[in-house]
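Number of protein chains: 2
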Amino acid sequence: MNIGFIGLGVMGHPMAEHLIDAGHTLHLSRVKEASQHLLTKGGIAAPSAKAVAEASEVIILMLPDTPDVETVLFGEDGVVSGLSKGKLVVDMSSISPASTKGFARRIEALDCDYLDAPVSGGEVGAKAASLTIMVGGKQEAFDRAKPLFEKMGKNITLVGGVGDGQTAKVANQIIVGLTIEAVSEALLFAKCAGADPAKVRAALMGGFAASRILEVHGERMIRQAFEPGFRIRLHRKDLRLAIDAAGALNLSLPNTAATQQLMNAAIANGDGERDHSALIRTLELLAGGPR
Amino acid sequence: MNIGFIGLGVMGHPMAEHLIDAGHTLHLSRVKEASQHLLTKGGIAAPSAKAVAEASEVIILMLPDTPDVETVLFGEDGVVSGLSKGKLVVDMSSISPASTKGFARRIEALDCDYLDAPVSGGEVGAKAASLTIMVGGKQEAFDRAKPLFEKMGKNITLVGGVGDGQTAKVANQIIVGLTIEAVSEALLFAKCAGADPAKVRAALMGGFAASRILEVHGERMIRQAFEPGFRIRLHRKDLRLAIDAAGALNLSLPNTAATQQLMNAAIANGDGERDHSALIRTLELLAGGPR
Chain A
5 MNIGFIGLGV MGHPMAEHLI DAGHTLHLSR VKEASQHLLT KGGIAAPSAK
55 AVAEASEVII LMLPDTPDVE TVLFGEDGVV SGLSKGKLVV DMSSISPAST
105 KGFARRIEAL DCDYLDAPVS GGEVGAKAAS LTIMVGGKQE AFDRAKPLFE
155 KMGKNITLVG GVGDGQTAKV ANQIIVGLTI EAVSEALLFA KCAGADPAKV
205 RAALMGGFAA SRILEVHGER MIRQAFEPGF RIRLHRKDLR LAIDAAGALN
255 LSLPNTAATQ QLMNAAIANG DGERDHSALI RTLELLAGGP R
Chain S
5 MNIGFIGLGV MGHPMAEHLI DAGHTLHLSR VKEASQHLLT KGGIAAPSAK
55 AVAEASEVII LMLPDTPDVE TVLFGEDGVV SGLSKGKLVV DMSSISPAST
105 KGFARRIEAL DCDYLDAPVS GGEVGAKAAS LTIMVGGKQE AFDRAKPLFE
155 KMGKNITLVG GVGDGQTAKV ANQIIVGLTI EAVSEALLFA KCAGADPAKV
205 RAALMGGFAA SRILEVHGER MIRQAFEPGF RIRLHRKDLR LAIDAAGALN
255 LSLPNTAATQ QLMNAAIANG DGERDHSALI RTLELLAGGP R
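For the protein sequence lines, the chains are A and S, in the order given.
If you want our numbering, it's the 1-based position in the first sequence plus 4.
If you want our numbering, it's the 1-based position in the second sequence plus 4.
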């Protein structure tokens, strides 16, 4: 299948490579040095998002934030200028649910389909093709894209209509961020009270405190091993999406707001490029320094 | 073995019963109507905590809060007045880690042993003998009590010295409370944004947001089924232990503090006797009412 792929960053690069490896013809825009070998594997460089859309049946986007998606879709020589009836746009970026609904309406008005399909699982999941993919859109469009999703991920769910994939991703990032913060408070408390955090973590893993975060990120906190993983800077962006959407809904999310503020402090103290488990370092600062 | 058991509430009653069923002779104080059948099963009513301690090799406490333990141990006709060299006091209540260290010193000064061994798993775990038991104290004392713990629980860990069991329990309650709050914010966000929270929960269960809380309490939130389980009123007490201890340590626990405040609001709005998953109702109130 002719597939367009726009956004060859840390996540997009391995995702595109899986599709090439599966035998698809990939049309790529803005190929940088790090992604040159996608061309040697058969990927085709296109001069613009428009050219990508003209050459492709399905156009996949994997971009940093809402304005990037808007520009690539609707800017000069953007995707929409290369679309024709029946094409499918799949946005796998993590962006605003409300903006997504607007983008989808404009794409669907051209007799094309739109899916939002943000992922979780990070760079490791992208490389291992084990991403969790949360999809919003029509069933037929989902069925059409599913064989492609299966080359990139494992837990693939059609959550609901357009935008609901992004809503699920925001919900995911709320839970992950706040659980990391919770585990940070608990393990730091244990340490300051004189207990061994490693033993406390082990004692808690069998009960209701058990989570993937306590397992994976709790272990990182104890080892003080904060190479990413998923960066605090990016997680702050995802909590901004939550807070912005909550503002539009008049919805109060007190701990999401507080955790976003802690991430501001983490970034101010030089931890923006560390794994989000490094949030415990910010709580240590508040407690007078490393423990 | 002659065992004393003081505190035959919702938790203590089934725990004591497991020990009787295992063939031990239980000396009980303050037996109320609900626990009469422990006597018909062979339990022996004693007139005071002192009498319980005189008759028993190991004395187990399962009481509501720190002052209750202090009174039963050191009050008039309390446990200490009935202790003699070599006896073991096991406090399975959830109380202050710092007070626990003081209580232990006073008991150990009488040539007796002390363990703190708070549990998690609630009434269901107490009845099923599947409690998680977090123990602080000396290895020899732990080895002595372990066969008894094994009649009441499953995940039994010696976390460290005296007080560290209580510290682990507080850490547990921080994580459980804050994760419930996180799942509440996420599922309410999903609902308000127009997605189906049940589908969002299902999509998230495969990734880093996965936890026992998302599994069990998330499902309760979606069904709006808030019969306890573990009551918000009791969880607020456990977060008070965290906040009190953190104050003494000059440790800032922002989300524990905020979640405790939400529990105040939950209780003010009549949800104190509901399961802690009902915290989502308080966030709904903040958002203008039930959704």
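Hints were generated in silico from the structure; no laboratory data involved.
Here the structure is a predicted model, which means the values were calculated and not measured.
Treat the hints loosely; a few may be bogus.
Heads up, the list lumps identical chains together, so a pair's fine if it works in one copy or across two of them.
Here are the computed lysine to any residue pairs in the SDA-like style, where the Cα-Cα straight-line distance is at most 20 angstroms [said to hold, decoys possible]: (1) K36 - N268; (2) K36 - V14; (3) K54 - A113; (4) K241 - I226; (5) K203 - R110; (6) K158 - G210.
At most 20 angstroms between CA atoms: does that hold for K158 and G210 within a copy, between copies, both, or neither? For K158 and G210, only the inter-copy Cα distance (9 angstroms) is at most 20 angstroms; the intra-copy one is 26 angstroms.
Homomeric proximity label, K36 with V14: Cα distance no greater than 20 angstroms: within (12 angstroms within a copy, 65 angstroms between copies)
Checking an output row: K54 and A113, CA cutoff 20 angstroms. Within, between, both or neither? within (17 angstroms within a copy, 82 angstroms between copies)
I want to check one pair: K36 and N268. Are their C-alpha atoms no more than 20 angstroms apart within a copy, between two copies, both, or neither? neither (31 angstroms within a copy, 54 angstroms between copies)
Homo-oligomer pair classification [R110, K203; C-alpha up to 20 angstroms]: neither (54 angstroms within a copy, 26 angstroms between copies)
Is it within a copy, between copies, both, or neither that the alpha carbon of K241 lies no farther than 20 angstroms from that of I226? Cα proximity of K241 and I226: none, with 26 angstroms in one copy and 28 angstroms across.
In summary, the numbered hints that this structure violates are 1, 4 and 5.
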